[in-house]
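Please model the entire structure based on the sequences and the hints provided.
Chains as they are written, first to last, in this note's numbering: chain D, 1 to 387; chain F, 1001 to 1306.
Hints may be right or wrong, so weigh each one.
[Claimed, not checked] DSS-like, lysine-lysine: derived pairs with alpha carbons at most 25 Å apart:
{"hint": "1", "chain 1": "D", "residue 1": "Lys-154", "chain 2": "F", "residue 2": "Lys-1041"}
{"hint": "2", "chain 1": "D", "residue 1": "Lys-134", "chain 2": "D", "residue 2": "Lys-193"}
{"hint": "3", "chain 1": "D", "residue 1": "Lys-152", "chain 2": "F", "residue 2": "Lys-1221"}
{"hint": "4", "chain 1": "F", "residue 1": "Lys-1071", "chain 2": "D", "residue 2": "Lys-134"}
{"hint": "5", "chain 1": "D", "residue 1": "Lys-146", "chain 2": "D", "residue 2": "Lys-193"}
{"hint": "6", "chain 1": "D", "residue 1": "Lys-193", "chain 2": "F", "residue 2": "Lys-1122"}
{"hint": "7", "chain 1": "F", "residue 1": "Lys-1221", "chain 2": "D", "residue 2": "Lys-154"}
{"hint": "8", "chain 1": "F", "residue 1": "Lys-1071", "chain 2": "F", "residue 2": "Lys-1221"}
{"hint": "9", "chain 1": "D", "residue 1": "Lys-134", "chain 2": "D", "residue 2": "Lys-146"}
{"hint": "10", "chain 1": "D", "residue 1": "Lys-152", "chain 2": "D", "residue 2": "Lys-134"}
{"hint": "11", "chain 1": "D", "residue 1": "Lys-146", "chain 2": "F", "residue 2": "Lys-1041"}
{"hint": "12", "chain 1": "D", "residue 1": "Lys-152", "chain 2": "F", "residue 2": "Lys-1122"}
[Claimed, not checked] Per the computed footprint, the stretches of chain F lying under chain D, defined by three or more beta-carbons under 8 Å from a beta-carbon of chain D, are:
{"hint": "13", "region": "1027-1035"}
{"hint": "14", "region": "1256-1267"}
{"hint": "15", "region": "1295-1306"}
Just so you know, the hints here were simulated from the structure itself, not pulled from any lab data.
Ideal placement from N, C-alpha and C gives every residue a C-beta, glycine not left out.
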Amino acid sequence: MPAIPRDTKGLPAIVAREVSKTFRVPQERKHTLKERVLHPRSRTRHQVFHALNDISFAVAEGEFFGIAGRNGSGKSTLLKCIAGIYGVEGEIWRRGRVSTFIELGVGFNADLAARDNVILNGIMLGLSPREARKRYDSVIEFAELKEFEDLKLKNYSSGMYVRLAFSVAIQVDADLLLIDEILAVGDASFQQKCFDVFNRMRDSGKTIVFVTHDMGALNRFCHRALLLERGSQVYIGDPQEVGDQGQRQPAVPQGRRMTLRARVSFMVEVEDPQASVYVHNEEHKAVLVASTVLEHEHSGRFRSGEQAVFSFSFDNVLAPGRYNPVFNLAHRGSGLDVIDRFEGAFSFVVTAQQALGGIVDVPVEVVVERGESVPGGDLPPSLELPV
Amino acid sequence: MSAGTVPYESLGRPIRGPRALNDDPARFWHLTFNIAVNQWKLRFFGSALGYLWQLVRPLLLFTVLYVFFTKIANVNGAHPGDHSYDNYGAQLLGSIVLFTFFSEATMGSVRCVLDNEALVRKIQFPRMVIPLSIVLLSMFNLALNLVVVFVFALLAGVRPMLTWLELPLIVAVLAVLVAGLSMLLSSLFIYFRDIQPIWEVINQILFYSSPVIIAVPAVVKAFGPKTALSPRALDVPWLAHVYMSNPLAVILQQFRHAMINHATPSPAAVLGSDVMLLIPIGIVIGVFVFGFYVFNRTAPYVAENL
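This is how it looks when you write it as structure tokens:
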């Protein structure tokens, strides 16, 4: 594990020690007293979902620390654990005042004017009422909303709303900022403004934890990063390395036979599910679709808790480029009643000697016949094969 | 320094996820107070008549009950020399205002955690703020409504009494009971969604079984020995003790006794001794402690169980 920056004085800002988080997902939730009284014996069965397994790391004071991973890798859950929103197994220590950017404008009330909202939000984030009132002017100024301060928030445009929320959050003057991928919202200039602010905060020595799946942003800002995969810590250290590992994609040479496999854990009982795979190219066009419908229409009954692997093998005739397989599991029938969809989480690259420009490179037999009288020479010229 | 060499011992206490309370009572109070004030602004500044609407509801209820029970049903058939029914109107209005506080705060708290789902899922703050801000909001209303009660009482001829000083104590005991129920109901609602209709029914029952409309002397008489004046009495005097063990009954009756009319018996008098008051007081404390315990236990997992 690489060292955290040398200039750290004293204790780290965040320490996580063997942090795990499991969610118990009830398979059939009882929501009323009546149901419990009528069926006292039937215990709710739970599916235990391990969102985080045994995560340990330390973040030094003044460090810009990234948490990266694909969708569903547990990075937002980890951030919420650090923020203290979820209870955890294991231990997390934190020092200093925290400001969380998990979602902007949480707790804003659309029926109140900017002033009340700014002050209330400031108090929620940890300011005293006096501090919150004192900072109000600079918040409004930063958000560039001076002329709209008496307007109720419901009359704000979404841009104004986000600007206000963001200004409140950064005015809180925390020592520790926890930032989820909020930068996905807002226009480009607003995003730039956010990044400018974060850079300024980093330079002024604040500790920042930043969750993203954007490896580019990771490289630009972070001192160090943690890579999560399915809730486990795979790598911690150089963000460049995290970026490379995160983008790891298998290269498949053209012309060989290849197989896409999807492992499915059933949480509920399903009869004759239809599994299909869509292979999308970079233009998001499905170039290949395969399904169990044709050959395994009655795929059978899968019990809850059972696991199954669906394999799709084909001769790889795809043109060179990057492909995104989407796996789709649906109930029997039209295939529109989707049980689950696994999308954008991984991609593969097809390599070939040369790219001819087609979508697929199906083996083509190319023959040239020449002479005074070629068989079939009476065909109209437009149907002749281009050589 | 890798995670393995971190000096864990010197880090102090780890965070354990969301809690019901925090370490900073000032922040807790500011948060509760500001949420309540904002809700209050929302409720009154939004409509032109503002606070009047808040007042109209108990007043309307009062008018209907007063006209029906004194002019039509004539429940207050006091025999000559019995002054316990004097100023029944002021007694009734006071009870209605206190009960309105009770039902408004408890009914409002049932759904409160769910209604603030966004906050609970996204922000770390002491969770207890949510139900307690609702109790506080209802207390603002109670304070204003009590002014009306006292104006009404003075107009009706009640003379200021030294026992009016008991008012803060009575309101405090009621507030503790309400806060306990709020914590209990709001955390139970996360697991049992039918708490809401159940509590509505219980509220109705409490309304009719507590001394809001009913006057306590009538209850005592009904449970007491058969006499010429009350030939249909049940003759089981201990039922009056059971009746007065309901903390809400004690609070309402103490209010009537100390604020409006000394001739109506104090709860201690009905129970026979001051020591017996320990039962309802014990219930109030028990409800509060139990509510706190349940809320505290569920607080760390609220975000994932909603």
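Cross-check of the supplied hints:
The suggested pairing of Lys-154 of chain D with Lys-1041 of chain F holds, with an alpha-carbon distance near 16 Å, which does not exceed 25 Å. Of the pairs offered as hints, the one joining Lys-134 of chain D and Lys-193 of chain D holds, with about 23 Å between alpha carbons and a cut-off of 25 Å not exceeded. A C-alpha spacing of about 58 Å is found between Lys-152 of chain D and Lys-1221 of chain F, which places the hinted pair above 25 Å, so the restraint is violated. Between Lys-1071 of chain F and Lys-134 of chain D the CA atoms are separated by roughly 58 Å; this puts the pair beyond 25 Å, and the hint is violated.
Taking the CA atoms of Lys-146 of chain D and Lys-193 of chain D, the gap is near 18 Å; set against the 25 Å cutoff, the hint holds. Between Lys-193 of chain D and Lys-1122 of chain F the CA atoms are separated by roughly 23 Å; this keeps the pair inside 25 Å, and the hint holds. Of the pairs offered as hints, the one joining Lys-1221 of chain F and Lys-154 of chain D is violated, with about 58 Å between alpha carbons and a cut-off of 25 Å exceeded. For the proposed pair Lys-1071 of chain F and Lys-1221 of chain F, the alpha carbon gap of about 21 Å is at most 25 Å, so the pair holds.
Distance check on the hinted pair: Lys-134 of chain D and Lys-146 of chain D sit about 15 Å apart at the alpha-carbon level, within 25 Å; holds. For the proposed pair Lys-152 of chain D and Lys-134 of chain D, the alpha carbon gap of about 21 Å is at most 25 Å, so the pair holds. For the proposed pair Lys-146 of chain D and Lys-1041 of chain F, the alpha carbon gap of about 22 Å is at most 25 Å, so the pair holds. Taking the CA atoms of Lys-152 of chain D and Lys-1122 of chain F, the gap is near 23 Å; set against the 25 Å cutoff, the hint holds.
As drawn, the region 1027-1035 of chain F meets chain D at 5 residues by the rule of a beta-carbon pair under 8 Å; at three or more, the given contact holds. Restraint check on the region 1256-1267 of chain F versus chain D: 0 residues with Cβ-Cβ distances below 8 Å, three needed, restraint violated. Coverage of the region 1295-1306 of chain F by chain D holds in this model, with 4 residues showing a Cβ closer than 8 Å to a Cβ of that chain against a need of three.
The structure does not agree with the numbered hints 3, 4, 7, 14 stated previously, though it agrees with the rest.
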